[in-house]
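Participant: Place chains C and S on chain A using the hints.
Letter by letter, the chains look like this.
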Amino acid sequence: MTAPTNPNENFHLIDFADVSVEWWHELYASCQDILARPDDYRDACRGKLLASLFFEASTRTRFSFQAAMLRLGGNLFGFSNPADTSLAKGESLADTIRMTSSYSDTIVMRTTQEGAALAASLYSEVPVINAGDGGHLHPTQTLTDLTTIAQVRGTVGGITVGLCGDLKYGRTVHSLVTALAKFPSVRFVLIAPNALQMPEYMLAFMRANLIDFTVAQSLSDAIDELDVLYMTRIQRERFNSEDVDFDALMTNFTLTAAIMERAKTELTVLHPLPRTNEIDRAVDFDARARYFDQAKLGMYIRMALLLKLTHRPRGVAYPTNEGPGLACSNPRCVTATEKYLPPRLKSDGSCGYCDK
Amino acid sequence: MTAPTNPNENFHLIDFADVSVEWWHELYASCQDILARPDDYRDACRGKLLASLFFEASTRTRFSFQAAMLRLGGNLFGFSNPADTSLAKGESLADTIRMTSSYSDTIVMRTTQEGAALAASLYSEVPVINAGDGGHLHPTQTLTDLTTIAQVRGTVGGITVGLCGDLKYGRTVHSLVTALAKFPSVRFVLIAPNALQMPEYMLAFMRANLIDFTVAQSLSDAIDELDVLYMTRIQRERFNSEDVDFDALMTNFTLTAAIMERAKTELTVLHPLPRTNEIDRAVDFDARARYFDQAKLGMYIRMALLLKLTHRPRGVAYPTNEGPGLACSNPRCVTATEKYLPPRLKSDGSCGYCDK
Amino acid sequence: MTAPTNPNENFHLIDFADVSVEWWHELYASCQDILARPDDYRDACRGKLLASLFFEASTRTRFSFQAAMLRLGGNLFGFSNPADTSLAKGESLADTIRMTSSYSDTIVMRTTQEGAALAASLYSEVPVINAGDGGHLHPTQTLTDLTTIAQVRGTVGGITVGLCGDLKYGRTVHSLVTALAKFPSVRFVLIAPNALQMPEYMLAFMRANLIDFTVAQSLSDAIDELDVLYMTRIQRERFNSEDVDFDALMTNFTLTAAIMERAKTELTVLHPLPRTNEIDRAVDFDARARYFDQAKLGMYIRMALLLKLTHRPRGVAYPTNEGPGLACSNPRCVTATEKYLPPRLKSDGSCGYCDK
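Protein chains in written order, with this note's numbering: chain A, 320 to 675; chain C, 320 to 675; chain S, 320 to 675.
Please keep in mind that the hints were generated in silico from the structure rather than gathered at the bench.
Which copy is meant is left open, so a pair is good if it fits within one copy or across any two.
Computed list of lysine-lysine pairs in DSS-like fashion (alpha-carbon distance at most 30 angstroms, straight line):
1. LYS627 x LYS615
2. LYS615 x LYS658
3. LYS487 x LYS501
4. LYS501 x LYS583
5. LYS665 x LYS487
Okay, chain A solo, but in the shape it has when bound (with noise of 0.2 angstroms):
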């Protein structure tokens, strides 16, 4: 297990595409430890203050990062809804942060505008991280999906993933597939309707890693190879109701006991919840369900990352080049609003912030 080169590098967590293998390894060691024996860590974070900002609602992750907190002794401050901040006074994103940065020790926030985690920590003195920048990134999710795989598995490579729903705007699926891509021999099975499978730009991806995929048109079709499923949420309004039938169309991505028969012994069935229809009830009370621990695991492995990062020293985040740059051309970007951000590109043209 060897440190990160540069100390700074891990010092947010934005995109789980920035971690290294290694980080993700002594994280998942630090979550074993806490896992086996939870209270030695009662006190581990004492006096620190996590900043819980969540612009958009949210149930799950905020529970879990408030329940991490809690249980290793710190505290927390934030609101659950906008509506309850002064924000609609119109002041910036920059401004917000500095404020919220020089009362806490980390900082954790979701947000519905792309790429809002990474604008922000360009002005936080203390570590920022990501719980959903729209349809972005989610890469505590990511954290929490490795970390029951690992759990259950024992390993994370070596493994056919099929990943059943929303494709296309399913931001969970995205960071998983970055994820997965730094870990041996790991296949995926895209099994989604046509109009919500995987966007271009990840199909991309996984051609440039090397990363070996098929698709698939129903769950029926795939569930005997895999090893991992990973169900998400279909949202009707994705649809017109008029050229779709929705319900017809959903039985072929609806996990059922039936379907169950016929997948491995050791299969895993994941899901980031919430839960509509996707899964049917009678699935849960089979042994390969493991939604409701992957909730569970979440927790623990956000005990691991807040441990790390509410004790680092404080940083100086004080961008130096504010100014527009190119305008991205995404109206969900972080930049759309918040004018004033240091020009961001990459080298392949797309936006720094929102990646579009």
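Facilitator: Below, chains C and S without anything else, positioned relative to chain A:
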């Protein structure tokens, strides 16, 4: 003081009818000890987490639980308004509870749906406390009421209790009657407008339990015979403004200093609060008015309750008999939306969730 | 450093005008000690509870109090949005406060009603801190402002203070003038559009206290003589868009890097935040801009305040002279809705709650 015969019997607190007088005496003794030496309990729940799920807004009950948990050195997470959550995404109550219970040591919940706390308890690894399920039950208010009577009078039995106000819809009143039925020699005077008198099933309950009660048309008529007067709020919306002169009606059910002059010197006036106009503000300065003490004692008995429940070993609660039973006709019953719930019918044919 | 002559005099903090310079010096000394050795205060409020009642949404002040209380090892409960409470049920402020004070060790509250914190203090067993009552007072912002001036300059007196922006409605500006009047040799330059100049009663206050002030038409005119520049936000809604070219007007009251070039090298720029466009972002990188330090110092002086107030023995606060006094003509005064409040008239005939 004997332990309950079934150790799992009192795992949750859903309905005061489920608990024994012995259970109450034990809890009250604990409360008295906390009142006597609060500093000794400052770390009694250290490391414990309460999930506080208020699906319906509340100030008093929520504050009371929060303050209770924090004064024991525990902590809490949750929401005070369902708008702050992602529940709108269509997650079932069962899934929300499975997730929440995996993060917490006890759950307290308030809902508009009747029977929701019982339903939740079927899916929780940790104790569930019912902090009000619609117009159905509110057992910790009953604990508060009994605690105040016991503190002020030394004992709970042997009293004439006036119940005044909205006896039809008032869940606190129904819970209190059910609870006082467990104590010796309690009689009731039911003081309410005809349209808001005690519902027939509560009258039947009193008759079946050989509890003496009379009906009165005004506070004035009944005041001189009362040992305890339990006031409740009457909502103008309950009446059709064309048919009823609400203000004239209210004079019969409003407690004033003039009426207090004719009351016993040992009267105890209670009110679950919030109070609007049904108790004249001048009564506040009468030493027999104990409703603010009642609010305070509510925090202490909740401390005793949390102390007991948060230390229980986790349970295993996974119903294996899911599936709709006979449809309950009560539109506010939890079974109206949570259709997967295991069937529960009482021997008298009423719904096992909402008692309707 | 002498104790206040009346031990109850400073039980609450409603109006900075109520406290002595000695009280301030004592508090500031405590703040400096906390800044020097924060770890020694980690358990200073252990077991203490702050009730945080934000009847009006706020981010900065609320976060600041929350972080302050948690950094002292205390904890808090409350609401950040009245929609999350049952206050809509028609409960009086007096009853809400009686209940809340019985659960807590100190109350901090923000309201839209003027005089509400004073009204609340009449019904509270524990200290009440005014965190802003409408356009009236905001004493902890004033503590923040004084602390920053004292930290940056070493002392508070002997300065020329420019007040720029909305001097008519800005409660922070009024509180600051009232506070600085207690210190020697402070003079003011009032820099505001005519429509938003300092109200006559504040001008009268300055004249009565022999405080020197001048009026300026733009920042440009005044900048070179200032030791402290206190910027505030001007709201577009204050102007009729047909009559006034708001953007043109704003150029006179916007701080830019060009204007900063002509300022003293020892200038201190303050702003209560949130800031919109009245300070150009380029000024943020000037070392004389201290508004983000100011926000951080606000947390520390609030720690000193909470440390002091949460340890007071409980008071007895039950007004016996309830009943409407002369009706106050200010529709935003707390007496407009809380009609039972004890009459309070000042010797000059103004309302004892809202000062109007």
